[in-house]
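These protein sequences, in sequence, are chains A and B.
FYI, in this note's numbering the residues of the first sequence are 1 to 347.
FYI, in this note's numbering the residues of the second sequence are 1 to 504.
Wrong hints could be hidden among the right ones.
Said to hold, decoys possible - Chain B regions said to be covered by chain A (calculated; three or more residues, Cβ under 8 angstroms):
| no. | segment |
| --- | --- |
| 1 | 261-267 |
| 2 | 321-329 |
As the list claims (entries may be wrong) - Pair ranges (Cβ atoms, derived):
| no. | chain 1 | residue 1 | chain 2 | residue 2 | range |
| --- | --- | --- | --- | --- | --- |
| 3 | B | N255 | A | L6 | 26 to 34 angstroms |
| 4 | B | S370 | A | I148 | 42 to 50 angstroms |
| 5 | A | Y129 | B | K317 | 30 to 38 angstroms |
| 6 | A | V111 | B | F93 | 47 to 55 angstroms |
| 7 | A | L198 | B | K317 | 52 to 60 angstroms |
Simulated from the structure, these hints should not be mistaken for laboratory data.
Computed from a predicted model, the values in this text were never measured in an experiment.
Where a beta carbon is used, it is the ideal one built from N, C-alpha and C, also for glycine.
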Amino acid sequence: MNRKSLINLISVSLSVIVTLLIIFILLLILNKDPFLIFSKIFSEVFADGYGIGQTLFKATPLIFVSCGLAVCFHASIFNIGAEGQLNAGAFVTALVALKLDFLPFPLLITVSLICGFIISGIFGLIPAYIKIKKDVSEVITTIMMNFIILALVNFFLLDFFAVKSTMRTEKISANFMFLKMEDVIPFFQGSSLNISFLLALLLAFLMYMFIYKTGFGYKLRSVGFNEIASRYLGIRTNAVIMISFFIGAGITSLAGMNYIFGYKGFYEFGFSNNIGFTAIAVTLLARNNPIGIIFSSLLFAVLDYGGLSVNQLVPKELMLVVQGIIILSLLAVDKLVNNYFRGKIVS
Amino acid sequence: MKAVEFIEVTRKFGNFKANDEISFDIKSNDVHCILGENGAGKSTLMNILFGIIKKDSGKMKIFGEEKDFKSPLDAIKNGIGMVHQHFMLIEDFTVLENVILGNEITLKTGIDFKRSELILNELVEKYSLGLDVNARISELSIGQQQKVEILKLLFRESDILIFDEPTAVLSPVETDRFFKIIGTFKNDGKTIIFITHKLNEVKYISDRVSVLRKGKLVYESDNADKDLNIPELSRAIVGELSEISNPVKRAAEINTSDAVVLENINLVLNELNVLNGLDLKLKKGEIHGICGVEGNGQSGIVDVIYGIEKNFTGSFKKYIEGGISLVPDDRKRKGFIKEYNIGENISLKGKNLNYLPEKRINEISGKIISENDIRVSDIESPMGDLSGGNQQKVIFARESDSENYVIVLVHPTRGVDINASAFIHGRILKLRNEGKAVLVISSDLDELILLSDRLSVLYKGKILKTFARKDFSGYIKEENEVELTADPDFLQSIGKLMTGITDE
Ligand SMILES: Nc1ncnc2c1ncn2[C@@H]1O[C@H](COP(=O)(O)OP(=O)(O)OP(=O)(O)O)[C@@H](O)[C@H]1O
Ligand SMILES: [Mg+2]
């Protein structure tokens, strides 16, 4: 491990610790017993295979979406539109799977995921194009696109595809459902954990290789660091931005895989439960590193799932507070740690 | 009185001592020059004085009082001002906004722009800076941006002024003007600290010099009577005199054919005529020099040839296959990715970039470092941690070491020391002798006269006149020497042309 990754690791760990301390104090102020609450969260998650399985299940879509965002963030594209992008992709994935149910299993999965990927990707290309042609910040366009996409999905779903008086599509045939982990490892008895989780791990690894170990990854990060210099270095920066936005947005569609093929068998409006936004925090905490994303997704999943158990004791919004504080303390701690190691105030 | 005292100041980066127990004084109201090779530790020491970097040990006294600045703000409050090697300006702000930033004159209702503007205009007048205080930084040339930095110091009424290589990109005329400003500062009782690699400037302007080598103070001399011993000084800077064993000679003129031809090029950017019917011909086996005051279309020419700028009219023809090499004017903005290390920056420019394992990257870095005598504390340091001159050496090495037959060099020796400068000049001649078409755009007339086969004067986006080498080579006292002095008459006529006076 080189110096820089070490410094990153230190600052990320410190910020998690700082966050826990702040929450600890906050709970004391609220006159709650922090020990009780933390121990409840942990026992909920780690008491049995079911808890662990559910936590990994919750981490799965976070890993997918964050990996997509990591590609964007490395290229200095601040994509806030994952929530919309992933819904469009997941919706189309489910529709294609329903229509092409005559295909054999592996082909059906592949084709429907690719279609979802392309749709999400296209919704990434739109803000990319506006950014390049009109110099409009993607932060604004992607936020606005969220509303547009969600409204569109809602409209098509309700008017054409939904099962009566629900917000979901038909169910795909049970033959097309993924293997549940509990069928292989009885330890996870009862949990929804499925092989999507393993695919998420695989994707994180592949994205790590893609970003750090390929020529395109080099160019992508170089554009993120300094777009002007990249152009003078002969990199076609606009192409890099378009491709990164397409790939990044496309990957977010995979969040649907866990839900559709691994869990329910259909697309349901609202299934994403703001993963698209939580993933921003997850990705930032991981410093855009896909391997780090695995760990920060797990952390957020622990808070999410374990948080359920303390619903009676503290408001569930506390978990949102935790997310916010993690990001803030990361920013603060990062600056301090870097200054400490470099001895520089500006660089 | 002593304005600044350094007492055993030490600063390490990892195990590398950038400043090693440096002790010397800077007298009040002196012009004090600090000299040394690239990577000697000059900028580091000044950054310590200005509170940007913390020292590991040692003491620093300002006007007799011990100080340890926590931040530049701290230093500014203590009357210290600095113009950095790389300017620190906000591109989208106007001159006025940049200057008052952090030091605003406020009314109850907000910033008092009116009064600030009045004060700034007074200062611009007094020091003949010739700046429009409402211009946006992104529209200004490097020379003008430097004046904005100077204006900042004036506005803050700093007493101790630090200039890190201020003359590196200035044309002779601008340098003269700059020295006049320095003279006014001295009359006003200010103390000036001045880093440069140009020894003739040192002799002319300084009262005292200090030389650093490998982080240590190695030489000091008084120059109050302008009687500096230049040979002794050069020896102090480089250590043992490293003779250039085999100076590259200019080969006899080879068969020159057209490589790149620009005809009647017009370029308008932000409603400004950058290029105005420009004609320019680059030939194989020829060095074409361009001189001119910064901001007369230099970057326009580069962007058109290099293909960055496509919205021009006129004809642009390239007769040679292959890419174009470029050493850009603003190395920090256009030349490299500061987060990447040397080897990564080199391979990034490769045509079909594939991932290279760390070991291979380090091999590339190692090769560049040893072949070009680049001084780094750590082979894996990001480029941003290299000293300015060493960054320049890396970029030049990358661009000159390629298959490309068209080579565009802007300020090729910006900020590099005497030895490296001679080395780079040798390499440029070698490129020419190999039959490549070389364009050199520089503010350093001596450099252009030394190198050019043809020398054009650029004024307001147009070539005013092109000299053939025989027009001026007669004036050169010693051809193929590192030090050379051109005929003053010729210099004067070129100087006139550069300001648009054509005699006819
Ligand atoms: N932040 C940093 N991290 C690691 N090494 C550094 C850092 N800053 C400077 N150095 C190293 O310290 C040495 C001195 O650098 P410095 O910038 O002071 O040189 P300099 O004398 O100003 O050179 P130049 O004439 O090229 O500007 C260089 O070898 C440089 O690589
Ligand atoms: Mg320097």
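Query raised in the report: Broken hints, numbered, in rising order?
Result: Of the numbered hints given earlier, those the structure breaks are 1, 3, 4, listed in rising order.
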